[in-house]
Amino acid sequence: MMAVDEIRIAVSPGEIRAVFLAGGRLVRYVVDRPGDARRLGDVVLGRVKRLVRGLDAAFVDIGERQDGFLATADAGPPGAGRRPIGRLLREGEAVVVEVIREAMPPKGAKLRVAADPGEATRPLGLRPPVPLVRGPDPVRRAVEMLATEACRLIVVDAPGIAAWLRNALPDLAERIQLTTIPGAAFNGSDVDEQLERLLRPSVPLPSGGGVTIVETPALVAIDVDSGATERDGASATALAVNLEAAEEVARQMALRGLAGQVVVDFMPMRRRDHRAAVLARLRTALTEAGIGEVEVAGYTRLGLVEMRRRRTGPTLTETLQRRCALCEGSGRVDSPVTVALAALRAALAADQVSPGRPLAIEAAAEVVAALDRDVADARAEAETRLGRPLLVRPAAGVPTPGFTITEVIGQRT
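Residue numbers (the numbering used here): 1 to 413.
Don't take each hint at face value.
Unchecked claim - Beta-carbon label-pair distances, calculated as ranges:
1. Thr384 x Trp164: 19 to 25 Å
2. Pro394 x Glu149: 47 to 53 Å
3. Arg82 x Pro204: 19 to 25 Å
Simulated from the structure, these hints should not be mistaken for laboratory data.
Glycine included, every Cβ here is placed at the ideal spot set by N, Cα and C.
Using the sequences provided together with the hints, build the complete structure.
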């Protein structure tokens, strides 16, 4: 992966979106919705509720609806070796833990024992469960990891984040641009077009081939197809397409947050050196993608490439979309919350064109419900920016991914 040379951060009601570009091409997209119950990286004073010796694990109350899961391998001090859970913990005792994987119903958060920050950093007499240290938000985590000297431009539309960036990245302070126009951080680039294509299941390759990605609860399946690619013989064609696909697979794993078990069906190759070259390219691309350790198991007996990456939270698809009820789960559409937040951004943009107009959002009933309930705080923030209420009403026949912004006739502020 080329080094990130451009970062754009857009702040809108209920959502912070950050794009990371290399040579104009999207290499990372991070969405943070502060209203979500994000816990990754949190350090919590929890209480052991139950020891399950059959699993050699404990369930720990961390203040969520579902108790966290603490395996014995993560329950002892580093280097202590594997010991039975009953020798490490007792039911009812307090324990300081760190969240290393978000809760993903029906599973609770995955935990590991953390170093106690110490009584000097917290009041005495706290009764668990209680948070001790908040984990970094995903946008800041990504900026700290990807912003290097190669970054020539950082555009942000929120003064608070601009101030944090200048403090966190003093060597890049002169390259940080603050725009006061809401939603303008993505202007002057084709970011919106790239984002629109981002979650499509099929990704084209430069040679004319393609990669198709299907996420399932059990694993991520990736298929490689040659398309119209033609080289000097089938062997050369397969190698050329597979080398391109190896790099694209790594890029998509970073972009979409793909994790867990990943299976890639590359084009068949008979030559052992060709298969080795593809595996080498894949491993290099995964390292350059900066997504942490990925175990590449190699080819199975049936010719599939298996990988495993530790899962820490929902994928981008799971964050932004939901399964489409109309096609019985064979496809996905934007979730009501995603559509609702997009509608609020559109209303703010419409006000920039013609300030003062009374505006209405017309959308499917479930999007209206999301605006009234799930993102009510974001709607209130948008109305504060507008200086007037937003009328929200259901529109018959409008599908969930769609909405319209209209002027309320007969009113003027």
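Do the Cβ positions of Arg82 and Pro204 conform to the proposed distance bound of 19 to 25 Å? The hint (19 to 25 Å, Cβ to Cβ) is violated, given that Arg82 and Pro204 are roughly 47 Å apart.
Starting from the hint 19 to 25 Å, judge whether the C-beta atoms of Thr384 and Trp164 obey it. With a Cβ separation near 22 Å, Thr384 and Trp164 satisfy 19 to 25 Å, so the hint holds.
Verdict for Pro394, Glu149 (Cβ pair) under range 47 to 53 Å: holds, 51 Å
Taken one by one, the earlier hints fail for this structure only at number 3.
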